[in-house]
Structures are given as C-alpha cells and as structure tokens.
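Input sequences plus hints: build the corresponding full structure.
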Amino acid sequence: MRGQKRFAWLMAAPSILAMVALGIVPLVWMVWTAFQSFSPNPRIPPRFSGLDNLGNLVGDPQFVGSLKITILVLIAALILQLVLGFILALALYSIKRARGLVVSLILIPTAIAPIVAGIVWWMLFNTRFGAINSVLFQWFGIDPVNWTIEMPTAYIAIVVAVVWQWTPFVAVILLGGLTTIPRDTLDAARIDGATAWQRLRYIVLPLMRPFFLVVGLLMIIEIVRLYELPFYITQGGPGNQTVVAGVFLFKLAFSFFDLGRASMMSVFLVIALSMIAALYMRLVADHKNKGASG
Amino acid sequence: MRRASSTMRRLRRHVANSWAWAVVGAFLVFALFPVYWIVLIAFRPRDDIFQYPAALMPTNLSLDNIRFIWFGTETSEPIIGFLGNSMLISVISSLIALSLGVACAYALGRFRIGGGFLPMWILSQRFLPPIALVVPLYLMYRQFGLLDTYFGLVILYATFTIPIVVWLMMGYVESSPPELEEAAYIDGAGYWTAFTRIALPVLKPGLSVAAVFTFIFIWNEYVLAFQLAGDDVATITVYLPRLRSAVAELYGEIAAASLLSVIPAIVFAGVMQRFLVRGLAFGGLK
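Quick mapping for you: the protein sequence lines, in order, are chains A and B.
Take 347 as the starting number for the first sequence in our numbering and just add one per residue.
Take 309 as the starting number for the second sequence in our numbering and just add one per residue.
Quick caveat, the hints were computed from the structure, so don't treat them as lab data.
Note that beta-carbon positions come from the ideal geometry of N, C-alpha and C, so glycine has one too.
It is possible that some hints are incorrect.
[Stated by the list, open to error] Below, a list of computed lysine to any residue pairs in the SDA-like style, where the Cα atoms sit at most 25 Å apart:
1) A:K414 <-> A:Q587
2) A:K597 <-> B:G538
3) A:K634 <-> B:I421
4) A:K414 <-> B:R420
5) A:K351 <-> B:D495
6) A:K634 <-> B:R420
7) A:K442 <-> A:I454
8) A:K634 <-> B:R434
9) B:K512 <-> A:W355
10) A:K351 <-> B:V510
11) A:K442 <-> A:W543
12) A:K414 <-> A:M497
13) A:K634 <-> B:G423
14) B:K512 <-> B:F452
15) A:K351 <-> B:V579
16) A:K351 <-> B:Q451
17) A:K597 <-> A:F381
18) A:K597 <-> A:I390
19) A:K634 <-> B:G422
20) A:K634 <-> A:A624
21) A:K634 <-> A:F614
22) A:K442 <-> A:I527
23) A:K597 <-> A:E496
24) B:K512 <-> B:V399
25) A:K351 <-> B:T367
26) A:K597 <-> B:D456
27) A:K351 <-> B:V399
[To be verified] Cβ pair distances, simulated, as ranges:
28) A:I441 <-> B:T504: 40 to 50 Å
29) A:G405 <-> B:S483: 47 to 57 Å
30) A:V404 <-> B:L403: 40 to 50 Å
31) B:Y344 <-> A:R443: 18 to 28 Å
32) B:A330 <-> A:L482: 21 to 31 Å
Next up, the structure:
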C-alpha cells in the first residue's frame with residue numbers, strides 16, 4: 347500500500363514541480379516586483395518603493411479607462427455570445443443530418459489563432475479595401491465608415507470579432523448540455539400539452555443552468571485576458587479608447603518598461619481571474635458531488 | 309385520423325427543421341465569410357486588392373502573394389522557417405505535456421493522492437492565462453538567460469498545457485476499469501509495468517484528443533512567443549504582425565501568410581468537435 351502511494355507521487359511529481367516552477371514562482375516573483383520601482387535601463391537594479399506602484403496605477407486615468415472598456419466589451423460580448431450561442435445550439439440540436447460536418451465548420455473561428463482573427467477582422471473593417479464597407483456601399487448605398495479609427499465603431503469592431511471567435515465554442519458546449527436532457531421528459535411534457543415555449547422555459551432552461559454558468563465564466567476569463575484582437579484591429583485607438591486591460595498591461599511593461607507598475611497590474615488581473623476561477627471550480631465540485639453527467 | 313396526425317407531425321418536423329437550417333446557415337455564413345475573404349485576398353493580384361469598393365467575388369487569380377511569403381524578399385524572411393519553428397515547438401512541448409500530464413492524471417485518478425485539493429489546484433492553473441504571468445516570466449527569463457531560447461519556450465508551453473492534459477485524462481482514467489491492472493499485480497507486474505503495458509493502451513484515444521488541444525493552444529499562442537522569444541526563436545504568430553509595416557501595404561501578403569498559418573488549426577477543428585460536444589464544460593468530467 348505504501349509502495350503504491352510512493353509510486354503515485356513519483357508519477358505526479360514532474361508535473362507538480364513544473365507547475366510550481368513556472369506557475370507559483372512567477373506569481374511570488376510578481377508580488378515582490380509589484381512593490382519595486384524599475385528603471386527603463388535594465389542595468390540599474392530595481393529598488394523597493396512600497397505602495398507607489400499601486401498609487402500610480404489607480405491614479406492613472408488610462409487604468410480606469412482600460413477597466414471601463416474591458417467591462418463594456420465584456421457586457422456586450424457575453425450577452426451576444428450566450429444568446430446567439432444558445433439559439434445556434436438549439437438549431438444544431440434539431441438538425442440530424444450532417445451535424446458533425448456542420449459543427450466542424452462552425453468551430454473554425456475558435457480554432458484560429460487570436461492574432462489571425464485580429465488580422466482577418468482588421469481586413470474586413472478596413473475603410474477603403476474592406477468587405478464590410480463594400481457590402482454597405484454596394485447593397486445599401488452607405489458611404490464608407492471609418493470603423494477602426496473612430497468611436498464607437500472601433501468598440502463595435504472588437505465586440506464583433508470576439509463574438510465571431512467564441513460564439514461557436516459557446517454553442518458547442520451548450521449543445522453538449524442539451525444532449526444530456528432526457529428525451530422522455532420533453533416527450534412527456536409535450537403529451538401533457540406543454541407548448542414549445544413552455545418546454546423551453548420550464549424544462550430546458552433550468553436544466554441548462556450549470557452549462558450557462560460554466561461557459562459564461564470561461565468567456566469572462568477569455569475577455570479579461572483579451573489582447574490580440576484589440577492589439578491588431580484598433581491598436582488601442584482611437585486615442586487609447588480601446589486599450590483594454592491586457593493591452594494596457596503590455597504598454598506598461600514593454601512600451602514604457604515600467605515593470606513595477608506592470609507587475610502591480612498583473613497582480614490586479616490575477617486577483618480578478620482567481621475570483622472567477624474560484625466560482626468555476628465550486629461549480630465543478632458541486633457537479634462532481636451530484637454525480638451528474640456532463 | 310392517425311394518418312392525418314402523422315402527416316401533421318412530419319410537416320411540423322419539416323418546419324422545425326427548416327427553421328434550424330436557416331439559423332445554422334446564417335451562422336455558417338458569419339463563421340466562414342472571414343475565412344473566404346482571407347482566401348480571396350491571398351490569391352488576388354495587388355491592383356485588384358486596392359480598389360474601392362472591394363469586389364466581393366473572385367477577380368483575377370494571382371500567386372504573387374503566396375510567392376512573396378514563400379520565397380521571402382530582402383526585407384522579409386520566407387515563411388517556412390517560422391512555420392518550422394512553430395511546428396517544432398508545438399510538437400515537442402505537446403509531447404512533454406502529454407507524457408508528464410498522463411502520468412499525473414493516472415496517479416490522481418487511480419491512486420487518489422492529494423485528496424480533493426491537488427486536482428483542484430491543477431485545474432486552477434488552467435485559469436492563469438499567459439498574459440497574467442508574462443511580466444514576471446519576462447523578469448525571471450531575463451535573470452536566468454532563457455529569453456529567446458527554444459528551451460525556455462518549450463518548458464513554458466509544456467507547463468501551461470499540463471493542466472489541460474491532466475483534466476482531460478483524469479476522466480479517461482476514472483472511466484477505465486482498474487481490474488486489468490489488479491490482475492497484472494497478482495501476476496507479479498510492478499506498478500510501472502502495469503501503467504505502461506496495460507493502462508496506457510486503453511488511454512490512447514484520450515491522449516489523441518489531449519494532443520489536439522495542446523497542439524492548437526501552443527500553435528496559436530502569441531503573448532509568450534512575442535515577449536519571451538521572437539528574434540532567434542520566432543514562431544508563426546510572431547511573424548504575422550511583423551508583416552504589417554508602415555513602409556508598404558502588404559495586404560495580400562498578410563492574407564497569404566495568415567492562410568498558410570491556419571491550415572493546421574482548421575484540420576484539427578474537425579477532430580475537436582467530436583470531443584467538445586461530449587462535454588468539455590466540466591473539465592473533462594465524465
């Protein structure tokens with residue numbers, strides 16, 4: 347019995363060591379550097395500066411601005427992803443023929459690298475040579491829109507790109523949820539005279555709750571860490587108005603080389619992400635205890 | 309009466325189905341139009357690209373863009389080196405993550421070490437995206453001289469994907485019966501032999517799914533590749549934004565490079581769907 351435990355720990359040890367070395371050590375390092383002041387010259391060693399970084403960060407209007415735009419993207423993208431994703435999941439659920447092929451095609455946006463997604467939407471939204479302005483002009487006679495260099499269209503462009511990339515993923519997870527609902531329950535309700543809307547409202551939606559929560563939390567994490575799409579589509583513009591949290595972090599660290607303040611910003615992001623992750627893991631634990639199939 | 313109702317039902321199903329197909333069709337257009345556009349621009353000659361309004365249908369066919377990125381120019385290296393770097397790094401990191409991760413998943417799923425805490429701690433690692441750790445990792449790597457090395461990038465990618473492997477594989481370990489291994493112990497086999505000879509072959513299908521996920525994650529990753537490597541060790545995601553220069557509008561060239569870079573991901577999307585529908589929502593719980 348003891349040999350068994352020892353064998354098991356030996357098997358798990360390399361993974362655990364790797365995660366400690368490149369997961370926990372950087373976290374601790376980050377908390378330490380968050381209280382230090384760095385010179386842009388790497389030869390000058392950093393010095394302890396207490397809570398200066400926190401004060402500078404919170405006092406920076408760009409910090410507040412980056413949180414604001416991140417939350418605005420989050421709200422719009424999350425609602426659209428969940429609503430559209432659920433409609434798509436219901437549609438996918440009702441089709442029987444070629445479902446595997448359709449799902450593979452629909453998942454392409456999620457499989458594409460975020461940086462490529464940024465490139466693609468940057469091209470589509472291009473004022474003079476983009477497809478969107480071409481469609482607007484040829485079909486509706488609308489003059490070219492400066493999508494990526496004006497507000498609020500730059501914001502809309504980012505939301506559209508996020509929704510494009512992640513709605514397929516949301517839909518497929520929700521489709522997985524729909525397939526766990528017993529057919530008998532739905533059939534019994536239909537025989538008892540429940541309309542399609544009533545079946546959806548009183549049977550499907552309550553049973554789908556855990557799936558909405560899980561996929562919603564995963565999407566919140568995706569948007570909190572958003573970087574590539576705004577970086578490529580709008581480059582943070584116009585006038586820093588689409589500098590989301592991730593882009594702001596990068597600017598602090600690798601444009602201004604203010605690594606202390608960037609560390610403080612990372613601490614902030616990690617705390618935000620941990621709170622979301624804690625919620626997710628409670629859901630997983632509950633789910634496991636109940637022994638439901640997911 | 310009965311026949312009438314069955315006709316009605318068939319009709320209703322038909323209506324329901326055409327509604328579903330309309331929704332699916334609209335989404336397919338939304339999902340695939342950008343891909344179509346990239347293909348279109350990649351094979352469109354320069355003169356046709358810079359026209360307003362842009363032609364929505366194919367115009368003249370040109371291989372100039374593909375040729376530009378494939379052979380490179382004085383100012384731009386050929387794409388093949390970056391694709392090769394990405395392939396090398398993705399394959400090696402995935403192999404490391406898979407071997408370490410499956411051993412860890414087996415230990416957790418079969419022998420229940422670490423109670424409930426250890427699996428949850430590993431799952432929590434999945435929620436630390438590269439961007440949250442890129443600043444301290446940059447400082448660490450600068451200190452240890454790991455910036456811009458294959459080794460530095462590979463160990464990082466392997467570590468970042470281990471939690472995905474562990475959580476996917478734990479489901480497979482838990483759903484495979486332990487009796488076969490127990491029989492092997494009685495026949496005198498050690499734990500290691502039982503794991504490699506008996507458990508691993510059963511876990512193979514799960515491993516191939518996990519391989520797809522780790523490969524796509526690493527192939528698509530940009531933040532770490534750009535900040536911790538990017539000069540000597542430059543992956544395809546680092547190469548792409550480099551083409552966007554202030555000097556020349558390399559519009560078609562960027563499209564051609566993007567197109568070549570997404571081929572592996574699109575091939576794998578087909579493999580991915582089979583597993584996602586079965587439920588990734590709860591981290592591979594069965």
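Now for the hints, and whether the structure bears them out:
1. For the hint linking A:K414 to A:Q587, the alpha-carbon distance of about 10 Å falls within 25 Å, and the restraint holds.
2. Between the alpha carbons of A:K597 and B:G538 the distance comes to roughly 17 Å, so the proposed pair stays at or under 25 Å and holds.
3. This hinted pair checks out: A:K634 and B:I421 have alpha carbons roughly 17 Å apart, not beyond 25 Å.
4. Distance restraint check for A:K414 and B:R420: the Cα-Cα separation of roughly 44 Å exceeds the 25 Å cut-off, and the hinted pair is therefore not satisfied.
5. Taking the CA atoms of A:K351 and B:D495, the gap is near 20 Å; set against the 25 Å cutoff, the hint holds.
6. Proposed proximity of A:K634 and B:R420 is supported: the alpha carbons are some 15 Å apart, at most 25 Å.
7. For the hint linking A:K442 to A:I454, the alpha-carbon distance of about 20 Å falls within 25 Å, and the restraint holds.
8. For a cut-off of 25 Å, the pair hint linking A:K634 to B:R434 stands: about 18 Å separates their Cα positions.
9. Between B:K512 and A:W355, the direct Cα distance comes to roughly 22 Å. Compliance with the 25 Å bound is thereby established for this hinted pair.
10. At roughly 22 Å between alpha-carbon atoms, A:K351 and B:V510 fall within 25 Å of each other, so this suggested pair holds.
11. The suggested pairing of A:K442 with A:W543 holds, with an alpha-carbon distance near 21 Å, which does not exceed 25 Å.
12. Of the pairs offered as hints, the one joining A:K414 and A:M497 holds, with about 14 Å between alpha carbons and a cut-off of 25 Å not exceeded.
13. Proposed proximity of A:K634 and B:G423 is supported: the alpha carbons are some 14 Å apart, at most 25 Å.
14. Pair hint B:K512 plus B:F452 does not hold up; C-alpha atoms about 37 Å apart against a cutoff of 25 Å.
15. For the given pair, A:K351 sits about 36 Å from B:V579 by alpha-carbon distance, which is inconsistent with the 25 Å threshold.
16. Between A:K351 and B:Q451 the CA atoms are separated by roughly 37 Å; this puts the pair beyond 25 Å, and the hint is violated.
17. Distance check on the hinted pair: A:K597 and A:F381 sit about 19 Å apart at the alpha-carbon level, within 25 Å; holds.
18. Restraint check: the Cα-Cα separation between A:K597 and A:I390 comes to about 21 Å, which is no more than 25 Å; the hinted pair holds.
19. Note on A:K634 and B:G422: the hinted pairing holds, with a Cα-Cα distance of about 17 Å set against a maximum of 25 Å.
20. Using a Cα cut-off of 25 Å, the hinted pair A:K634 and A:A624 holds, with the two alpha carbons roughly 15 Å apart.
21. As the CA atoms of A:K634 and A:F614 are separated by approximately 30 Å, the hinted pair breaks the 25 Å bound.
22. A distance of roughly 16 Å separates the Cα atoms of A:K442 and A:I527; the hinted pair therefore holds under the 25 Å criterion.
23. At roughly 21 Å between alpha-carbon atoms, A:K597 and A:E496 fall within 25 Å of each other, so this suggested pair holds.
24. For the suggested pair B:K512 and B:V399, the alpha carbons sit about 17 Å apart, so the restraint of at most 25 Å is met.
25. Between A:K351 and B:T367 the CA atoms are separated by roughly 67 Å; this puts the pair beyond 25 Å, and the hint is violated.
26. Proposed proximity of A:K597 and B:D456 is supported: the alpha carbons are some 20 Å apart, at most 25 Å.
27. The hinted pair formed by A:K351 and B:V399 fails the criterion: a straight-line CA distance of about 32 Å is larger than 25 Å.
28. The hinted range of 40 to 50 Å is satisfied by A:I441 and B:T504, whose Cβ atoms lie roughly 43 Å apart.
29. The hinted range of 47 to 57 Å is satisfied by A:G405 and B:S483, whose Cβ atoms lie roughly 54 Å apart.
30. The supplied range of 40 to 50 Å is met by A:V404 and B:L403, whose beta-carbon atoms lie about 44 Å from each other.
31. The hinted range of 18 to 28 Å is satisfied by B:Y344 and A:R443, whose Cβ atoms lie roughly 23 Å apart.
32. Look at B:A330 against A:L482: about 23 Å separates their beta carbons, and that is inside 21 to 31 Å.
Hint check: violations occur at hints 4, 14, 15, 16, 21, 25, 27; the rest are consistent with the structure.
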